[in-house]
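Chemist: Residue-level listing of the chains:
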Amino acid sequence: MSTPASRRPELDALHQLLDRQILDNDGLMVGKVDDVELEEREDGRLVVTAFLTGPGALGPRLAGAWGSITVRTWSRLSGRAPEDCTRIGYGAVSSINTAIHLGVSRSSVAVDGFETWVRTRLIAALPGAGKDPS
Amino acid sequence: MKRVFALALGVLTAIGGFVDIGDLVTNALVGSRFGLSLAWVVLVGVVGICVFAEMSGRVVAMSGRPTFDIVRERLGPRVGLLNLFGSMAVTLLTYIAEIGGVALAFELATGVWEYFWVPFVAILVWVVLWRAKFDLIENVFGVLGLALVVFAVALWQLSPDWGQLWHTASTAAKPTSEAWPSYWYYAIALFGAAMTPYEVFFFSSGGVEESWSEKSLPTVRANVFVGFPLGGLLSVSIAAVAAVVLLPVGIQVDTLGQVAMPVAVALGKVGLSIALLGFFAATFGAACETGLSLGYSIGQYFGWQWGKFVRPKEAARFHLVLLLSTILAAAVLLTTVDPILVTEFSVVFSAIALPLTYLPILMVANDRQFMRTHANGRVANTLGSIYLVIILVASLAALPLMVWTKMGTT
Chain P
1 MSTPASRRPE LDALHQLLDR QILDNDGLMV GKVDDVELEE REDGRLVVTA FLTGPGALGP
61 RLAGAWGSIT VRTWSRLSGR APEDCTRIGY GAVSSINTAI HLGVSRSSVA VDGFETWVRT
121 RLIAALPGAG KDPS
Chain H
1 MKRVFALALG VLTAIGGFVD IGDLVTNALV GSRFGLSLAW VVLVGVVGIC VFAEMSGRVV
61 AMSGRPTFDI VRERLGPRVG LLNLFGSMAV TLLTYIAEIG GVALAFELAT GVWEYFWVPF
121 VAILVWVVLW RAKFDLIENV FGVLGLALVV FAVALWQLSP DWGQLWHTAS TAAKPTSEAW
181 PSYWYYAIAL FGAAMTPYEV FFFSSGGVEE SWSEKSLPTV RANVFVGFPL GGLLSVSIAA
241 VAAVVLLPVG IQVDTLGQVA MPVAVALGKV GLSIALLGFF AATFGAACET GLSLGYSIGQ
301 YFGWQWGKFV RPKEAARFHL VLLLSTILAA AVLLTTVDPI LVTEFSVVFS AIALPLTYLP
361 ILMVANDRQF MRTHANGRVA NTLGSIYLVI ILVASLAALP LMVWTKMGTT
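If you're matching them up, the sequences are chains P and H in order.
Residue numbers are given in the working numbering: position 59 of the first sequence equals residue 59, and the series is strictly consecutive.
Residue numbers are given in the working numbering: position 287 of the second sequence equals residue 287, and the series is strictly consecutive.
Just chain P, same shape as in the assembly:
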C-alpha cells in the first residue's frame, strides 16, 4: 500500500520528521528518523520517499570525526557498504503525529542488527528473558 504522491510530506515539513521516534504496528520502538530520502517530482517539488535509520544514517548528520567513525564502525560491524543504510519506505507509514507509526511489524523492516546480536548472544540466554512483564 503506497500513499499517493500528493499526500506525501513536502520539504518544509522536514523539520517535523527528522529525529522523530518510529513505532511499529504493535507500538514497539523501531528507531529514529535519522535521515530522510527525498525525490524530486516533475513539478520540481521534493517529496519524502523513505526514512533512513540506524548509525549508517545518523553518522553523516553528526559530521566531523564522530560522524565518520560512526559510519565506518557500523559499516565494518554490519558488513554493509557505508551508504547502504537501513531504509523504511514511506509506504510502510500508517500515521504521523508525535511519533511515526508504521503499519507493519518491527521484524519486517529489519533494522535490528545490533539488537538481534545482543539478544541472541547474551540477553536471551539469561533466565527470565522471555518472561511477560504483566
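It should be emphasised that the hints constitute simulated quantities derived from the structure, not laboratory data.
Some hints could be false.
In silico contact screen, one side only, chain H against chain P (beta carbon under 7 Å); selected entries [what the hints assert, rightly or not]: (1) R65; (2) R72; (3) A316; (4) H319; (5) L320.
For each residue, glycine too, the CB sits at the ideal point set by N, CA and C.
Once you have looked at the hints, place chain H on chain P.
Modeler: Using the frame of chain P, we list chain H on its own:
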C-alpha cells in the same frame, strides 16, 4: 476507593522517592555546618523540581514522548549527543553513589566492611532491574523510604529552640565561622541534590511505562505537588536534626553513620534501626531509578526499544546498558573510592548538567502541536523561565566555586 488508593500510593512513593543519597548526605552535611541557614535552597529546589517534573509529566501524558526523545528532537543529533554524554556521565556518577550508599547502609546495620557488600548490592540491584515489575520497584522502595519520617520525629523529640531554628532559616543567618564562598558552594550542591536530572528522566519515562494519558494528569499533578514538597520537608528535617545535635559540638558530617547519629541521640536504637531501613530503601530505590534512567536516556536518543513494559529480550540493548552500567558502577566502587565523596561530586555535577535537561522540556511544553490544549500556561512559563535563569547561574558558578573552596573545605 481504588482511585483514592492509587492517588495515596502515588503521593507516598513521591515522598519516599524524593530523598536519595545526595539529599541525605548534602542535607546532613549542610545542617551540621550551616544550621538551617541554607533551608531556603531546599525550598527553591523543591519548587523547581515541581515545575519541571509537572511539565515533563504533562508532555509525556499528552504526547507519549519522554524527556530524552524531546532532547534529541529539539536539539538535533549533534547537540543531543553531547547532551547524552553529559547527562549519562552525571547519572552514572549518581548510580555509583546510590549503590555505594546501599553498601554503607548495610555496613551500618551489620558492622561488615562496606566494600564487602558492593558486589552483593550490585547483583541485587541488577536482579531487581531485570526481573521486578516497574510499579513494584517504584512502590515498594517509595513506601519503605517513608521510614525517613523518623528524622522529623527525632527533631520533635529533641524539642529544639523552635524560635531560633526558624530565625536561622528565615534570615539565612550563616554561622560566622563559615566563609561565604563555601556557603554558596553548598547552596549549589543542595540545589543540585534537589533537582537531580535523573528524577525527570525517570519520572517522564515512568509515564510511558505506565502509559499515562490526558486522564492521568490529575494524578500526576497530585504526586508532584503534594509528594515532592513533603519529600522536601523530610530533607529539611535531616538538616535540622544535624543542626540541633551536630553543629553545637562541631561534628562535620562525612560518613553516613553521622547522618543517622542525631536520630540515635533522640530515639535510641529503635530510631536508629528505622533510619537505617529508610537509608536502605531510599538509596536502593534511587539506585534502581538511576540505573533505569541510564537505559532510558540512551534508548530514547537512539530510538531503541527500552522499558520494563516489554519482555527483556525484546529490549536487549536496553538491558545490556543496565548490565554494563551495574558492572562499571561496582568496579568503580571496588577501587575503594569513598561513596560519600562520589555523592558530593554527583550533586555538584548534577547542578552543572541541569540546563541540558530543563531547557528542552520548557521548549516542548510550549509546542501546541505536541501539547494540544495542555501547553504551558502563563504561570508555568513564568516559573519555568525564572528557574532557567537560576539553573544557568548555578550551573556556571558550580565549577569555579568547587575549585575556589576546595569542595567546600575552606
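Chemist: Let's test the interface hint: is any C-beta of chain P closer than 7 Å to that of H/R65?
Modeler: holds (5 Å)
Chemist: Using the nearest Cβ pair, does H/R72 come within less than 7 Å of chain P?
Modeler: Cβ of H/R72 sits 5 Å from chain P, so the hint holds.
Chemist: Please verify that hint: H/L320, Cβ, nearest Cβ of chain P, below 7 Å or not.
Modeler: holds (5 Å)
Chemist: Does the interface hint hold: is H/H319 within less than 7 Å of chain P, judged Cβ to Cβ?
Modeler: holds (5 Å)
Chemist: Do the numbers back the hint for H/A316, that is, is its least Cβ distance to chain P under 7 Å?
Modeler: Constraint on H/A316 satisfied, holds at 4 Å.
Consistency note: the structure conflicts with none of the earlier hints.
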